[in-house]
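If you read the protein sequences in the order shown, they are chains A and B. Its first residue numbered 1, the first sequence is counted upward by one per residue in full-length UniProt numbering. Its first residue numbered 1, the second sequence is counted upward by one per residue in full-length UniProt numbering.
These are calculated hints, taken from the structure and not from any lab test. Errors might be hidden in some of the hints.
No copy is singled out in the list; a pair is fine if it fits within one copy or between any two copies.
As the list claims (entries may be wrong) - The calculated lysine-lysine pairs, modelled on BS3-like cross-linking and capped at a C-alpha distance of 27 Å, are:
no.: 1; residue 1: K507; residue 2: K539
no.: 2; residue 1: K178; residue 2: K337
no.: 3; residue 1: K539; residue 2: K249
no.: 4; residue 1: K534; residue 2: K505
no.: 5; residue 1: K539; residue 2: K525
no.: 6; residue 1: K249; residue 2: K221
no.: 7; residue 1: K432; residue 2: K341
no.: 8; residue 1: K3; residue 2: K539
no.: 9; residue 1: K341; residue 2: K373
no.: 10; residue 1: K185; residue 2: K6
no.: 11; residue 1: K341; residue 2: K437
2 protein chains.
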Amino acid sequence: MPKEHKLQIIPLGGLGEIGKNMTVIRYDNQMVLVDAGLAFPDEDMLGIDIVIPDYTYLIEHKEMLLGILLTHGHEDHIGALPYLLRDVDVPVFGTRLTLGIIQSKMKENNLSNIQATVVQPRDVIKLGVFRIEFIRVNHSIPDSVSIAIHSPLGTVVVTGDFKLDHTPVSGEILDIHKFSELGDKGVLCLLSDSTNVERAGFTPSESHVGEMIDEAFRNAKDRVILASFASNVYRLQQAITAAVNTNRKVAVVGRSMVNIVGIAEELGYLDIPEGTLIDIDEIIGLPGNQACILTTGSQGEPMSALTRMANHDHRHVAIQPGDTVIISASPIPGNEKSVAKTVDQLFKLGANVIYESAEGMHVSGHASQEEQKLMLSMVRPQYFMPVHGEYRMLIKHAQLAEQLGIPRENIFITENGGVVEFTRHGAALGSKVMAGKVLIDGLGIGDVGNIVLRDRKQLSQDGILIVVMTISRASGAIVSGPDVVTRGFVYVRESETMLDEAKQKVKQTMARCRENRVTEWAVFKNQIRDTLSKHFYEKTRRRPVILPIIQEVE
Amino acid sequence: MPKEHKLQIIPLGGLGEIGKNMTVIRYDNQMVLVDAGLAFPDEDMLGIDIVIPDYTYLIEHKEMLLGILLTHGHEDHIGALPYLLRDVDVPVFGTRLTLGIIQSKMKENNLSNIQATVVQPRDVIKLGVFRIEFIRVNHSIPDSVSIAIHSPLGTVVVTGDFKLDHTPVSGEILDIHKFSELGDKGVLCLLSDSTNVERAGFTPSESHVGEMIDEAFRNAKDRVILASFASNVYRLQQAITAAVNTNRKVAVVGRSMVNIVGIAEELGYLDIPEGTLIDIDEIIGLPGNQACILTTGSQGEPMSALTRMANHDHRHVAIQPGDTVIISASPIPGNEKSVAKTVDQLFKLGANVIYESAEGMHVSGHASQEEQKLMLSMVRPQYFMPVHGEYRMLIKHAQLAEQLGIPRENIFITENGGVVEFTRHGAALGSKVMAGKVLIDGLGIGDVGNIVLRDRKQLSQDGILIVVMTISRASGAIVSGPDVVTRGFVYVRESETMLDEAKQKVKQTMARCRENRVTEWAVFKNQIRDTLSKHFYEKTRRRPVILPIIQEVE
Numbered sequence: 001m002p003k004e005h006k007l008q009i010i011p012l013g014g015l016g017e018i019g020k021n022m023t024v025i026r027y028d029n030q031m032v033l034v035d036a037g038l039a040f041p042d043e044d045m046l047g048i049d050i051v052i053p054d055y056t057y058l059i060e061h062k063e064m065l066l067g068i069l070l071t072h073g074h075e076d077h078i079g080a081l082p083y084l085l086r087d088v089d090v091p092v093f094g095t096r097l098t099l100g101i102i103q104s105k106m107k108e109n110n111l112s113n114i115q116a117t118v119v120q121p122r123d124v125i126k127l128g129v130f131r132i133e134f135i136r137v138n139h140s141i142p143d144s145v146s147i148a149i150h151s152p153l154g155t156v157v158v159t160g161d162f163k164l165d166h167t168p169v170s171g172e173i174l175d176i177h178k179f180s181e182l183g184d185k186g187v188l189c190l191l192s193d194s195t196n197v198e199r200a201g202f203t204p205s206e207s208h209v210g211e212m213i214d215e216a217f218r219n220a221k222d223r224v225i226l227a228s229f230a231s232n233v234y235r236l237q238q239a240i241t242a243a244v245n246t247n248r249k250v251a252v253v254g255r256s257m258v259n260i261v262g263i264a265e266e267l268g269y270l271d272i273p274e275g276t277l278i279d280i281d282e283i284i285g286l287p288g289n290q291a292c293i294l295t296t297g298s299q300g301e302p303m304s305a306l307t308r309m310a311n312h313d314h315r316h317v318a319i320q321p322g323d324t325v326i327i328s329a330s331p332i333p334g335n336e337k338s339v340a341k342t343v344d345q346l347f348k349l350g351a352n353v354i355y356e357s358a359e360g361m362h363v364s365g366h367a368s369q370e371e372q373k374l375m376l377s378m379v380r381p382q383y384f385m386p387v388h389g390e391y392r393m394l395i396k397h398a399q400l401a402e403q404l405g406i407p408r409e410n411i412f413i414t415e416n417g418g419v420v421e422f423t424r425h426g427a428a429l430g431s432k433v434m435a436g437k438v439l440i441d442g443l444g445i446g447d448v449g450n451i452v453l454r455d456r457k458q459l460s461q462d463g464i465l466i467v468v469m470t471i472s473r474a475s476g477a478i479v480s481g482p483d484v485v486t487r488g489f490v491y492v493r494e495s496e497t498m499l500d501e502a503k504q505k506v507k508q509t510m511a512r513c514r515e516n517r518v519t520e521w522a523v524f525k526n527q528i529r530d531t532l533s534k535h536f537y538e539k540t541r542r543r544p545v546i547l548p549i550i551q552e553v554e
Numbered sequence: 001m002p003k004e005h006k007l008q009i010i011p012l013g014g015l016g017e018i019g020k021n022m023t024v025i026r027y028d029n030q031m032v033l034v035d036a037g038l039a040f041p042d043e044d045m046l047g048i049d050i051v052i053p054d055y056t057y058l059i060e061h062k063e064m065l066l067g068i069l070l071t072h073g074h075e076d077h078i079g080a081l082p083y084l085l086r087d088v089d090v091p092v093f094g095t096r097l098t099l100g101i102i103q104s105k106m107k108e109n110n111l112s113n114i115q116a117t118v119v120q121p122r123d124v125i126k127l128g129v130f131r132i133e134f135i136r137v138n139h140s141i142p143d144s145v146s147i148a149i150h151s152p153l154g155t156v157v158v159t160g161d162f163k164l165d166h167t168p169v170s171g172e173i174l175d176i177h178k179f180s181e182l183g184d185k186g187v188l189c190l191l192s193d194s195t196n197v198e199r200a201g202f203t204p205s206e207s208h209v210g211e212m213i214d215e216a217f218r219n220a221k222d223r224v225i226l227a228s229f230a231s232n233v234y235r236l237q238q239a240i241t242a243a244v245n246t247n248r249k250v251a252v253v254g255r256s257m258v259n260i261v262g263i264a265e266e267l268g269y270l271d272i273p274e275g276t277l278i279d280i281d282e283i284i285g286l287p288g289n290q291a292c293i294l295t296t297g298s299q300g301e302p303m304s305a306l307t308r309m310a311n312h313d314h315r316h317v318a319i320q321p322g323d324t325v326i327i328s329a330s331p332i333p334g335n336e337k338s339v340a341k342t343v344d345q346l347f348k349l350g351a352n353v354i355y356e357s358a359e360g361m362h363v364s365g366h367a368s369q370e371e372q373k374l375m376l377s378m379v380r381p382q383y384f385m386p387v388h389g390e391y392r393m394l395i396k397h398a399q400l401a402e403q404l405g406i407p408r409e410n411i412f413i414t415e416n417g418g419v420v421e422f423t424r425h426g427a428a429l430g431s432k433v434m435a436g437k438v439l440i441d442g443l444g445i446g447d448v449g450n451i452v453l454r455d456r457k458q459l460s461q462d463g464i465l466i467v468v469m470t471i472s473r474a475s476g477a478i479v480s481g482p483d484v485v486t487r488g489f490v491y492v493r494e495s496e497t498m499l500d501e502a503k504q505k506v507k508q509t510m511a512r513c514r515e516n517r518v519t520e521w522a523v524f525k526n527q528i529r530d531t532l533s534k535h536f537y538e539k540t541r542r543r544p545v546i547l548p549i550i551q552e553v554e
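In isolation and in its complexed conformation, chain A is listed as follows (with noise of 0.2 Å):
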């Protein structure tokens, strides 16, 4: 009896988490990849600058793997791509805009020669056994794709993400035709983005902020310096043209800005008028209300040049009274407070800040659940797979898929690694595939790891404390020290007194040791912990790293 066929989804990441999308769909023995993003750390991931998926799997198949498709050019959907293409090599695909920003990705991780191919909505291609189509979406970043893939065993549609845009700033909205069409000839499975589930209705339509943007800019008396996504360049179109409307020059400011614009102006995708776009330095000479600035640090990252203002710390821009600052987009969860922080400087300042508690400057780039449901009723696919969420958002999406009539049982909430399986007969959940986090931290990939990350939080709550001896290998006895050093515990030059009692019992301690003729290092070094451990606890309630370190001297 021939072996049974198989089609096989296998995400390795995006479920459970926002971020470092990233999903498999193999069958038999080949597979194509859907996207290959990065995620943002968690709080207590300390130190750590980027996440990608473990993608180990991919590695282990990698004579399987066909290709690389790419749905858009956000972060959570490219970002891990320089490190994964470091190991694999394999043709990419993605739209004009997503290529564009990857190979500007590249070159800054001195990768080049990739194998990237444009492709255009609507566009075909074959990998194998795969039939690919690419299908206009709307979104927050232009030439965003869903992918559907066909395989003998049926078609699998990713969406990425989406919104529906009835009316978009530029391009065209949603293919509601081709994912009817699709819908029509049958979709074995749909995977669709849940990031908004929680939202009832429908995301407006970016156009609306382009028409309250254009009234901040017409009230504005002096200069406008807007802070938005660097990536959305639907957002900066707009602010380019109510700027041109009300006679600004801009300026662009941050580095990720600075990059996008240049991108997005090379190939198209934005329109600015001659001799609009001039010179930071050029508009600080202008009158205020003559000039516009963008910028980034609409989440009020520390380093970022809206950041920089705020604290009266930007090489260029200083922040006057009269400003009308816009910030044109909302916190991302977990960045509320250093928003807020922002804000506050900013009016400090004496700029009048208009921000996204102030209505209209901001709309989502992802589907409200009329527009899931309008994408369920479209594809109405046999199974369903709730994608891009923490897991409530999958449970609330495979929810809504239920009362649209998918039955619970073709309904899979799955994790990362956590393998959906098609075969001629039906679906099941497979076995699992390794999939998890790989923390980046500097240029080292994956060598930061709990134990690390538990020591930095340790340290980050009560600091260090070193205890350092020398001893006499013959004797046994101390002929130096114990010195004492600290670092985010106290202040050294008011607890003297107490560091002092504490040398006293590691003189003690080491005394007891000799006495019992213990001569293991690792058990003096224990006892010296818990003695200080205990000494520091109960004179000051902290729990500081207590780091005994003895040398020996002959």
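Position chain B relative to chain A; hints supplied.
Using the frame of chain A, we list chain B on its own:
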């Protein structure tokens, strides 16, 4: 010419921040204090437990202090009392529940014998030159009052936290008539709660939440576990009523919840039918549809009861499929992610979780814009000081007041320590007094300052690397070491080569120092630090704290 009399309003906390509310009202050489609150640490205050106001000014003028007046029993209004009362010994005035909570706090802090006097709304007391009235308001804890302080130069009204609840769960509505009477007679200055100034309209009634809770209890087929702020006695009452209505017994878990329920029941603020409240052990034995558990943990606090349940780590309660968990609170800014994590975990355990974004399970205890306007219109003060708010909120509240006709020059937006002075001739900003944050870490009060925090920050990001060696005093040669120890930097096992190279570099540095006849240890250490810092940054792009320790032997 006799010296001119002066009335001063001296905010020591609560301006430019949420929390640690503390305001001095001083007339010549007599003063009263309104509230003594704490704040919770910012994310960058690593390891800090709580923050209290720097009340040096009070200590320096303690002979002038006639009493402490409390508006209500929330930590941000009374949490600094156990510290302050070690340093000043003056009578404390508050309503019954407020003082009940304080007595229990004092016991915990081994402080007794405070001079506490219970007051009721509409009571009038005299302290020196001041006549003081307590005025009923609505808030998320019973027995909340505003305070009117009459002085020879006019009346100051301090609202404390307030909202207007036309249908309170128990007690009466905010004393519109008294505020109007005060306004009628003339108020010099109003200090009003700015917390919710970013919200348009009216804050809904607490009773509205009761209806939603009741419905959720009726729909629940199994146990109901409800988390809320422990001090929201109204919410607890409504949950208990819903439990009684659905024939459930109630158990209370979480230290602060047990504490408050005890106090509130004893003082008659909770109406609990005989036999309703039972022990948690007994609840576990009951059928699910007869059980209700009230718990702490609505903010996802790591050690709280609900968080432990979500992590399957609670001594008594194991979440089961079918349990309904109601989180009857909004996340305080900064807690969004930990609350979301708790919700996710509870869903994973199979609970049906009803949380904030599912509407109606929480209302704020603070006035929205329309109530703030009403307060201004009732009191119609000559001068206005927005208080209890971050800077942008104070600005917005000032703008509201201006819209209602208070002249801009009569509105004072100041900061902690910024004095507003009134004389017969008018009002002006006075010179500043000392104010600020005192950080509490374990038993240490103010012994953690910027240097310690900066060290903790650096330790938390990239850890620490310690280089130890013993040197012969006579020859200057290394007789033991250099040894390298790290914490929170890298996995040692995977980094041996890099660490060995570091030891070589230290030896080279020491040799170079000896050649150049360097004898200063500080120079040795600096050179080692610089060399290693460069070495590790090149290898890892990290900047651990580098700590060279040198010991000498004969």
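Each hint tested on the structure:
1. Taking the closest pair of Cα atoms, K507 and K539 come within 27 Å of each other only inside a single copy of the chain (19 Å); across copies the shortest separation is 39 Å, beyond that limit.
2. With identical chains, the CA atoms of K178 and K337 are never at most 27 Å apart, being 42 Å at best within one copy and 38 Å at best between copies.
3. For a Cα distance limit of 27 Å, the shortest separation of K539 from K249 qualifies neither inside one copy, at 62 Å, nor across copies, at 44 Å.
4. Taking the closest pair of Cα atoms, K534 and K505 come within 27 Å of each other only inside a single copy of the chain (11 Å); across copies the shortest separation is 37 Å, beyond that limit.
5. Taking the shortest alpha-carbon separations for K539 and K525, only the intra-copy value of 21 Å comes in at or below 27 Å, while the best inter-copy value is 31 Å.
6. For the homomeric pair K249 and K221, the shortest alpha-carbon distance inside one copy (14 Å) is at most 27 Å, but the shortest distance between copies (63 Å) is not.
7. In the homo-oligomer, the alpha carbons of K432 and K341 lie at most 27 Å apart only across protomers (23 Å), although the nearest pairing inside one protomer, at 44 Å, exceeds that limit.
8. Taking the shortest Cα distances, K3 and K539 never come within 27 Å of each other, neither inside one copy (70 Å) nor across copies (50 Å).
9. Proximity of K341 and K373 under a CA criterion of 27 Å is satisfied inter-copy only: 26 Å between copies versus 38 Å inside one chain copy.
10. Taking the closest pair of Cα atoms, K185 and K6 come within 27 Å of each other only inside a single copy of the chain (21 Å); across copies the shortest separation is 84 Å, beyond that limit.
11. Within a single copy, K341 and K437 get their C-alpha atoms only as close as 31 Å, which misses the 27 Å cut-off; across copies the closest is 17 Å, which meets it.
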